[in-house]
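There are 2 protein chains.
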Amino acid sequence: MKKVNLNHAFSTFPDAWSPKVAGDINDTQIKLAKFRGSFHWHHHDNEDELFLVVEGKLRMGFRDHNVDLDAGEFIIVPKGVEHRPEALSDECHVVLLEPNTTLNSGNVENERTVRELERIA
Amino acid sequence: MKKVNLNHAFSTFPDAWSPKVAGDINDTQIKLAKFRGSFHWHHHDNEDELFLVVEGKLRMGFRDHNVDLDAGEFIIVPKGVEHRPEALSDECHVVLLEPNTTLNSGNVENERTVRELERIA
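The listed protein sequences correspond, in order, to chains A and B. Each residue of the first sequence is one higher than the last, beginning at 1 in the numbering used here. Each residue of the second sequence is one higher than the last, beginning at 1 in the numbering used here.
Derived from the structure by calculation, the hints contain no laboratory data. One or more of the hints may lead you astray.
The calculated DSS-like cross-link candidates involving lysine-lysine, where the alpha carbons are at most 25 angstroms apart (straight line), are [what the hints assert, rightly or not]:
#	chain 1	residue 1	chain 2	residue 2
1	B	K3	A	K79
2	A	K57	A	K79
3	A	K79	B	K2
4	A	K2	B	K3
5	A	K34	A	K57
6	A	K3	B	K2
7	B	K34	B	K57
8	A	K3	A	K34
9	A	K57	A	K2
10	B	K2	A	K34
11	B	K79	A	K2
12	B	K34	A	K34
13	B	K2	B	K57
14	A	K57	B	K3
15	A	K2	B	K57
16	B	K34	B	K2
17	A	K3	B	K79
18	A	K57	B	K2
19	B	K34	B	K3
20	A	K34	B	K79
Only chain A is shown next, with the shape it has when bound in the complex (with noise of 0.2 angstroms):
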C-alpha cells in the first residue's frame, strides 16, 4: 500500500486547469490540480465537486457572491450550482474531490475540456 506526498505529487508536473487523478475511492476520484488565472462559468449537471486548497488562495465565484479559500480551507459546490474557479495567487494548488464521471469543464466544451485525465499515482 503506498501513500501520496501530496507536495511532492504537485511538483511532478506543471500544467494548470488539466486535473491528474490521485487515487480512487469506490466511485470518487481524488484529483490534484494547479490554477493560474480564472476558469471559465459552468456546473456539473450531476455532480457534486469539493475543493480543499493546499497551496496558494482561491476564489470560487458563484453568481452573486464569492468565497475565498486560503490553504487548509475547503468547500463543496453542490450539483447545478454555476461557479468560477479563479486562482488569486500566481498559482493555487488544489485537491478536487468529485465523482469519477465529472468532466473538469462541465456542461462547457472547449480548449480546456480533459476527456482523458493522467494519472499520477
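Following the hints, complete the assembly by docking chain B onto the known chain A.
Frame of chain A, contents of chain B only:
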C-alpha cells in the same frame, strides 16, 4: 455557499475515534477525526477509505507492513484490506473520505462503534 476551515473545525470537538461529518460529495462523505493511541484491526467489506493527515503522525498498520504518514500525506485503504490506524504523535488530525455507508469500526462492532455521526458543517 460556506467554506470549512480545517483547523477551526478540528478545534470544535475533543473526542478521539469519533468521526464528524463535514460534508457530502454525492454518496461520499468527508469526515474529520482525531486519533489518539491505536484503533483495532478491522476491514470494510465494500468501501475504500482515504486517510489524509492534517496534523501529527499516523501509522497505518497492515498485516505485513506499516505505512507512516506525516501531515500533507494520504493513503487509500481498499475495501477488504485489514488495517489498524495508530497515532504516532500524541494526537493526529485526519480527514477521511469514504462512502456514506461506511461504519467507523468496519467489520468489528465494539464500544468504539459510532452509528450516528455528528455533523459539524
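For each hint, the structure was consulted:
| no. | hint | verdict |
| --- | --- | --- |
| 1 | B:K3 - A:K79 | 16 angstroms, holds |
| 2 | A:K57 - A:K79 | 23 angstroms, holds |
| 3 | A:K79 - B:K2 | 15 angstroms, holds |
| 4 | A:K2 - B:K3 | 30 angstroms, violated |
| 5 | A:K34 - A:K57 | 11 angstroms, holds |
| 6 | A:K3 - B:K2 | 30 angstroms, violated |
| 7 | B:K34 - B:K57 | 11 angstroms, holds |
| 8 | A:K3 - A:K34 | 20 angstroms, holds |
| 9 | A:K57 - A:K2 | 29 angstroms, violated |
| 10 | B:K2 - A:K34 | 22 angstroms, holds |
| 11 | B:K79 - A:K2 | 15 angstroms, holds |
| 12 | B:K34 - A:K34 | 29 angstroms, violated |
| 13 | B:K2 - B:K57 | 29 angstroms, violated |
| 14 | A:K57 - B:K3 | 13 angstroms, holds |
| 15 | A:K2 - B:K57 | 16 angstroms, holds |
| 16 | B:K34 - B:K2 | 23 angstroms, holds |
| 17 | A:K3 - B:K79 | 16 angstroms, holds |
| 18 | A:K57 - B:K2 | 16 angstroms, holds |
| 19 | B:K34 - B:K3 | 20 angstroms, holds |
| 20 | A:K34 - B:K79 | 30 angstroms, violated |
Hints 4, 6, 9, 12, 13 and 20 from the earlier list are contradicted by this structure; the remaining hints agree with it.
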